[in-house]
Amino acid sequence: MATQTATLDREKLLDWYYQIVLIRHFENKCDELYREKRITGVYLHLYSGHEAVGVGALAALTLDDHVITAYRDHGIALARGMDPKVAMAEMMGKRTGSSGGKGGSMHLAQRDLNFWGGYAIVGGHLPLATGIALKVRYMEEDAVVLCFIGDGATNNGYFHEALNMSAVWDLPVVWLIENNLVGMGTRVEDSSGQPELSKRAIAYGMKNGGRIDGQNVIEVYHAVSDAVKYAKKRGPVLLEALTYRFRGHGVSDRSYDVRDDLVSELKVWQERDPILVLRSHLVEQFEGVESELEKRDQEAAAIVEAAVKFAEESPAPTFEDLIANVYVGRRYDE
Amino acid sequence: MATQTATLDREKLLDWYYQIVLIRHFENKCDELYREKRITGVYLHLYSGHEAVGVGALAALTLDDHVITAYRDHGIALARGMDPKVAMAEMMGKRTGSSGGKGGSMHLAQRDLNFWGGYAIVGGHLPLATGIALKVRYMEEDAVVLCFIGDGATNNGYFHEALNMSAVWDLPVVWLIENNLVGMGTRVEDSSGQPELSKRAIAYGMKNGGRIDGQNVIEVYHAVSDAVKYAKKRGPVLLEALTYRFRGHGVSDRSYDVRDDLVSELKVWQERDPILVLRSHLVEQFEGVESELEKRDQEAAAIVEAAVKFAEESPAPTFEDLIANVYVGRRYDE
Amino acid sequence: MSERNQPMREALRMALREEMSRDERVFVMGLEVGQWQGTHRVTRGLLEEFGARRVRDTPISEMAIAGAAVGAAMAGLRPVAEIMTINFAFLALDAIVNHAAKIHYMFGGQFTVPLVIRAATGWGNQATATHSHTPEPIFAHFPGLFVGCPSNATDAKGMLKAAIRDENPVLFTEFIALYSKPAPVPDDPDFVLPIGKADIKRAGKDVTIVTFGRGVEWSLNAAEALAKDGVQCEVVDMRWLRPLDIATVIASFKKTNRCVVVEECLPMYSFGSEIAAQIQEKAFDYMDAPVKRVSAMDVPLPYAAEIELMALPNTQKVIDAVKEVL
Amino acid sequence: MSERNQPMREALRMALREEMSRDERVFVMGLEVGQWQGTHRVTRGLLEEFGARRVRDTPISEMAIAGAAVGAAMAGLRPVAEIMTINFAFLALDAIVNHAAKIHYMFGGQFTVPLVIRAATGWGNQATATHSHTPEPIFAHFPGLFVGCPSNATDAKGMLKAAIRDENPVLFTEFIALYSKPAPVPDDPDFVLPIGKADIKRAGKDVTIVTFGRGVEWSLNAAEALAKDGVQCEVVDMRWLRPLDIATVIASFKKTNRCVVVEECLPMYSFGSEIAAQIQEKAFDYMDAPVKRVSAMDVPLPYAAEIELMALPNTQKVIDAVKEVL
Ligand SMILES: Cc1ncc(C[n+]2csc(CCOP(=O)(O)OP(=O)(O)O)c2C)c(N)n1
Ligand SMILES: Cc1ncc(C[n+]2csc(CCOP(=O)(O)OP(=O)(O)O)c2C)c(N)n1
Ligand SMILES: [Mg+2]
Ligand SMILES: [Mg+2]
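These protein sequence lines are chains W, E, R and D, in that order.
Residues in the first sequence are numbered from 211 upward in steps of one, following my numbering.
Residues in the second sequence are numbered from 211 upward in steps of one, following my numbering.
Residues in the third sequence are numbered from 365 upward in steps of one, following my numbering.
Residues in the fourth sequence are numbered from 365 upward in steps of one, following my numbering.
In case anyone wonders, no lab produced these hints; they're calculated from the structure.
Don't take every hint at face value.
Said to hold, decoys possible - As a list, the in silico SDA-like pairs of lysine to any residue whose alpha-carbon atoms are at most 20 Å apart:
#1 618/D - 648/R
#2 681/D - 409/E
#3 247/W - 669/R
#4 417/E - 405/W
#5 687/R - 612/D
#6 592/D - 615/D
#7 569/D - 612/D
#8 409/E - 503/W
#9 618/R - 568/R
#10 561/D - 481/W
#11 561/D - 649/D
Small disclaimer: the values here were computed from a predicted structure and weren't measured.
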């Protein structure tokens, strides 16, 4: 591991640092906007705490590869390269949003980034990943599908069917579980007979990529890189990254206000904040990098501010948008 | 193993022999009646070849235990103690059938035997087993649920969800896979990433009861007995019995008429016909048992003939039956 | 016995508590019903009161939640399974309509399935396309299953208790938009409303408005407004989509000769379709105007609040429809 | 170009072969479509002709069959996924209505889902309660998805080809009872019937019979019989439940002023409900009688042949209904 990390250059790591703090700023801003009712609606699931998983995993891909995830998708979208303006506009339900304001927080997507979107039915996107990977094999393309999965989602029928099918067909998928220990309020050990989720690979005769530290972007990057190589050549891999939700299930989750046990747990995990972990590494590796980190941090904050401005000034969708895209090439009421 | 079998007395083994040949006669008769159009309909799945699994497994239960299975249910029903008359009447869609002629071949059931029925949606009965086992635990009863599962069914979402839930709740279920190598025309290795199906237990942190010889009723009996003991005390067990379909998927499956490879495979398995396996054991163990076997065989054949007669002489359901049982305590059109 | 103003979620909880106290076989299972205190807070406090045996958190396994509840019901318990929102019940459609609804019939009456599946329903809060269904008619299409949907706290209590006590499987849907709305709820632990009976929420002689669930609110508001113009609407709250109390609809229609159906559902092959079809079948000679339907627009639901609301029925749309049939 | 009498299964296979030959992105996946040669023999020979890359047997995983087909379609392929019978599509309801049907809309048009899901439908062969559905209206309830159901071999070819070539997701259901029935099928590899267009299968001036799928046969037989009594029925085969060509129905009705709807479906919240509702809405002044519905009985389907058939519509029931509206 140590030797591998040495090969990562300063710029790359600084870029990851930037991405991680960008996501953190973005999520903090979303939370703020939600409290101010400038972002509305029932669902807003923040990626804070998970950043190293998304950034590290996506760093292991090229733009020819494919990405798909669940509703906790802001961080994935940004790490994949979605313009924060466009992401923020989607949060606010604006025409300039990535899905034209019709998808919202849970349904970011960007076709030209091969980012196939965030999905809100738990497990529902898993067979989609299988299908996209089928297309890759069918067309003999040199690419992989990276599919993010919540720990809770691994107990759903979709998980079983989608992973098994990918194994039977030797498809190039990296199945990456973001195990943040809980789905809404249910702990992994209360929802999974097998709490070491990567072991579920055995049920599909699938390569078990193991359990990795999801707070360490470098470890995630290497593990996913290895998995990508394997998946392209041989077939699916199941990986499990241990991570933690810093902000509750969604913005309306107030568990941290009432549950002392959760607050204590959170404190422990905050010591392993992906920002801190990467910062320590950088500071240790590269002398005098602090000012650079500061700069990236400010840059990210400014980008988020600009995104909010852009989003707020953007127009809302209209009736024409409401009735568009129900079908391809046909009016909704035809 | 050897020591264990020695403890089984002659009468018990002869009774199993009787049950196995009874099922074989019953199924052969069903096939004959179907060709003669005395049994009609699209679905009729024979248990021939699987007899040792059903008979051995059910021998390990008491009447307080619970049994549930899929559509290949004739053998299970008979081994559980359903009167062949009542079973045959159901095949023919008669009022005297176990489900009053409304269930047919795929939906035999008998409440007072705790036989919860055969189900035709692949995997659909698995969560029912979980639920019945939940009732057992909830009421603190000393009983177990035995749930038969086809190999093909293990790739269905129901399997995953039902088994996981049983594990999370430590329910007393013995999940018994009847691996006959194929689901309709699809081989296990083409449908399951993990072809050693009992290994799927790991995905649920569940006790793996292992792979057993499904042609040997004695081995099945012991393995299921052990599993029952474990399940009652500690929680679910997954067991896999290797067996073989002697008559194709359903009576309309004509694969054996056109596929030489299947015919060869069948021949190999016929050497391990559960009737032969048990007969050899008995002949070896108990001198002069042959005449007894012959007697049981004739008895079974006579019982099946009587069942046919009973069924044929029974009345068909009427319009009143058509509209009954849609709801409890309410007319269908109220 | 007295009654107190309570929000619908409290009325539902009251029903659950009373039935759980009355009958040990009644228990609750579903996502986040226990430790998390219920996604919609209906089950708040039940875990503490009844313990983990009778208030059971489950994995995210809708097929198994519904399916295991069917099994438990067959075996003698009386499960009240919660599907967090009705959208996720699509994953359990087979367990619900092919198992819960058919088992009593298919095995010739040997088994009963005294099961209630509760699910939050409705939309209008930017929950977006996959989380914005009001698909009760889909489930009510299938015989063997009752489908109830209360429009207020009072009915919620009486209907849920009826559902729990009944021997048949019941899909019971609760509009999220109504959870916080209060209404007088009787303390009476035997306050039970009959399954399959509609309720006339407002009497009137000019137009019959047939609706259920959240539609009742829009309809009553519309009736209120129209009354000022001298138009008397009779508002029929169906309460149950199956059994469907069409007799009450027809009786009202024979008096008013005009009808508007109000549903939050999608319009095609839906609730309004059935009501309109039955009226023209059973009261053809009484029709002074076609039955008019007010439904959600025939589109998936978008996120942006502005356009989402355009797609939803509302009081004004009901008023307009009533004016059209006058 | 010529045409030949062919059973519907052969017409469907012709459509598949032609489209697979024309467009490399078209492929077939599902249970037993390959080695087993198709449960209903529609895909017979395709594995040998096109190889295992394009004819893909799957595990018994309906959620993943539908869901993976959605993903493959989004990514640029044109899957024709087979769900062995429509009953098993209940397990895939979420993948079909919450994913296939919504993805184009939900992501603002970024993705398209050019997917066909084929499923055998209908009942009447003692398949029993869980295997005896004709639930097309359930699926057609949801916008974003087309639902087609041919009534004969000719239409089957033209409609399936249209479905495969279309950019929208299509649920395509095929009556098992029709697979072996022959009709003239054009060789023309570009014989494509427009999506969402109904077809008048028989012209008449006295009564409009609106139906689809297997109902067409009963309706034509009834029309034939009634013609002997001098009653001229116009038989409208809807072909598609979505888009629904209500204009053709209304035009016919304005001529005949009477209508019978014939469906193999369950009666409640169904096809007939929608047709009746629309007729009274759009042609109220033309109604000389209520629209009458001939549906399956509102019960789960039993096994025993005698009583199963009682629950099914048939020619005589159509004749009786026509006489009632005359
Ligand atoms: C099929 C389904 N059931 C229930 C829900 C409600 N729900 C939304 S998120 C969630 C928890 C998911 O947990 P996990 O997969 O661990 O993801 P995390 O939120 O931790 O990222 C649940 C139960 C849903 N969206 N879909
Ligand atoms: C959900 C579902 N999909 C497909 C089918 C059609 N089908 C009936 S039996 C069967 C094969 C099942 O194989 P297996 O589980 O191995 O049981 P076996 O027939 O070998 O006993 C299939 C695919 C079904 N009944 N249900
Ligand atoms: Mg989680
Ligand atoms: Mg098998």
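Hints, verified against the model:
About 17 Å separates the Cα atoms of residue 618/D and residue 648/R, which keeps this hinted pair within 20 Å; it holds. Note on residue 681/D and residue 409/E: the hinted pairing is violated, with a Cα-Cα distance of about 55 Å set against a maximum of 20 Å. As the CA atoms of residue 247/W and residue 669/R are separated by approximately 12 Å, the hinted pair is consistent with the 20 Å bound. Between residue 417/E and residue 405/W the CA atoms are separated by roughly 14 Å; this keeps the pair inside 20 Å, and the hint holds.
Proposed proximity of residue 687/R and residue 612/D is contradicted: the alpha carbons are some 28 Å apart, above 20 Å. For the given pair, residue 592/D sits about 25 Å from residue 615/D by alpha-carbon distance, which is inconsistent with the 20 Å threshold. The hinted pair formed by residue 569/D and residue 612/D meets the criterion: a straight-line CA distance of about 14 Å does not exceed 20 Å. Only pairs whose Cα atoms come within 20 Å are accepted, and residue 409/E paired with residue 503/W is rejected, the gap being roughly 49 Å.
The straight-line distance between the Cα atoms of residue 618/R and residue 568/R is roughly 12 Å, inside the 20 Å bound, and the hint therefore holds. Straight-line distance between C-alpha atoms of residue 561/D and residue 481/W comes to about 64 Å, which puts the hinted pair past the 20 Å bound. The hinted pair formed by residue 561/D and residue 649/D fails the criterion: a straight-line CA distance of about 25 Å is larger than 20 Å.
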